[in-house]
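*Asks:* For reference, the chains in residue letters:
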Amino acid sequence: MDLSKEKELIEEAKKNPEVFGLLYDEFYKPIFNYILKRTTDIELTQDLTSQTFFKALKGLGKFHWQNIPFSAWLYRIATNEINNFYRKQKRIIQISLDKIPAIPSEDTPEKEIEIAEEELKKKEDFIKLQKSILRLEPIYQTVITLRFFEKKKVSEIGQILAKPEGTIKSQIHRALKELKKIMELK
Amino acid sequence: MREEELIKKLEKIELPEVEMESHKRNLKMALLSSNYFKKPGIFEVFVKPLAFALPVLILLIASTILIPPKILEARALEIAKANPEIKKLIEEKNMALGEVKIKDDKAFVVLNSLQDKNSEITEEKETVPEIKIKKVEKDSSDDAEGAIVEINLKQKEVAKINPIKSDEIFPLANQEKESAKEIAESEEIIKDIIPKEATIEKIQSSFPKEINLIEKNNEIEAIPNLVDGKKARVHYILDGKRWIIKVNLEEKRVEEVEYFLENHDIKDIKEDIKQDINNQEINIKGRDLLNSDKIK
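So the sequences go chain by chain: A and B.
Following our numbering, the numbering of the first sequence begins with 1 at its first residue and continues without gaps.
Following our numbering, the numbering of the second sequence begins with 1 at its first residue and continues without gaps.
Careful, some of the hints might be misleading.
Quick list of in silico lysine-lysine cross-link-like pairs, DSS-like style, CA-CA up to 30 Å [to be verified]:
# : chain 1 : residue 1 : chain 2 : residue 2
1 : B       : Lys-154   : B       : Lys-101
2 : A       : Lys-180   : B       : Lys-9
3 : B       : Lys-38    : A       : Lys-7
If we take Cβ atoms under 10 Å as the criterion, some of the chain A residues that face chain B in the derived model are [what the hints assert, rightly or not]:
#  : residue
4  : Pro-17
5  : Glu-119
6  : Lys-122
7  : Lys-123
8  : Leu-129
9  : Ile-144
10 : His-173
To be clear, the hints were calculated from the coordinates, so they are not data collected in a lab.
All C-beta atoms, glycine included, are put in the ideal place defined by N, C-alpha and C.
Produce the entire structure from the sequences given, and follow the hints as far as they go.
*Replies:* Written as structure tokens, this is what we have:
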């Protein structure tokens, strides 16, 4: 989706739920899988994805177009949610139930979660690697995931984290150095 | 492990890619049915804002109804006092600002005539029975005796000065005029002061002590304050001379004689009055008055 179309859609989405639905359909999967790569936990990913989209919807009215893709804004919200979660080191999702409605459970078959977990288990190497990545500081986890798993360019990571490219480059460099140390210790 | 090897490992590692269709669908439903997209109901549109606005509204109404009228009245008086035309009326015609009435964004202020000083009095004395006799420098019988000043409060300026003459606003009924004439003619002193040849030019209502303002049919109207009774003025004229007999219609008595004598020697008038009163053999008190310093 080109940026001008995306801008139009966002303005329309502020008032029209159907248009917001289109944006959601476009970005649900990348955001869900980004969170999954960071957490390697299906249920936690579902919760954090829900939180990310509810926060996006809540902040949509105040969203001002600054030539940064909508996806970058969503990645930023998701990153904040993940990092907040790890900062608190709790598996309790900090959401107020009156603000975010519960997702009906009868339509979320356990089987779907089981299938997803099976699929995840097949990626044994990734899970092992992720265990090492999880020992990094949240910002290093973020840049490693965005750069190598989400295949984002340094400039795109800069947009997501609202930081200059130079900062991102040095953060990636330090993150790799730290990760190397952790992996060598094993 | 070298850094390049780590990078290669990170780049080539097989990543999990999961589809969660039911979660995606359910989350979408939850998002789209959230409060964000709910159209505001009647409560949100009217009741809720009203609940917030009500205290402000009450304050506004209270401040409009209760506090400002006095402030507006004071402001109106200030505007009137600053107007050069009104200043002149106050100083030269000896008028005074009176009642103020606020209507919409206008203020109406009464300019009352301070009657005794309406025109320059050169001589004044009292007789028995108590009748004031005074000579004035000029005939002011046709002058405006008061005014209603209209002030535009928004523009903070005097919009109009409407002169008022008592006879135009509070005219006398024919019966009242007849009564005034009878009272004047029956007064012995008056008979002596005014030559027999003098004729009645007009009989008009006397300017009340005070004018009040009332709102009637969405208009501001002047009404006389008749606390000291309804009064009439009987105008006698002869050869450029004018005598105005002020009659209290309720007490049925003459209160005052005001006279103006065009090109007439003031000494002659004094003599006239002295002669008139002496001829009437009025009581001692009256003569004492005449012998006092007031008339020499």
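*Asks:* So, for every hint listed, does it hold in this structure?
*Replies:* We went through each hint and held it up to the structure:
1. B/Lys-154 with B/Lys-101: Cα-Cα ~15 Å, so holds.
2. A/Lys-180 with B/Lys-9: holds, 11 Å
3. B/Lys-38 with A/Lys-7: Holds, at roughly 23 Å.
4. Pro-17: It holds, given that the least Cβ distance between A/Pro-17 and chain B is near 4 Å, below 10 Å.
5. Glu-119: Result: holds, 6 Å to nearest chain B Cβ.
6. Lys-122: Status holds, d = 8 Å.
7. Lys-123: holds, 5 Å
8. Leu-129: holds, 6 Å
9. Ile-144: Result: holds, 7 Å to nearest chain B Cβ.
10. His-173: holds, 9 Å
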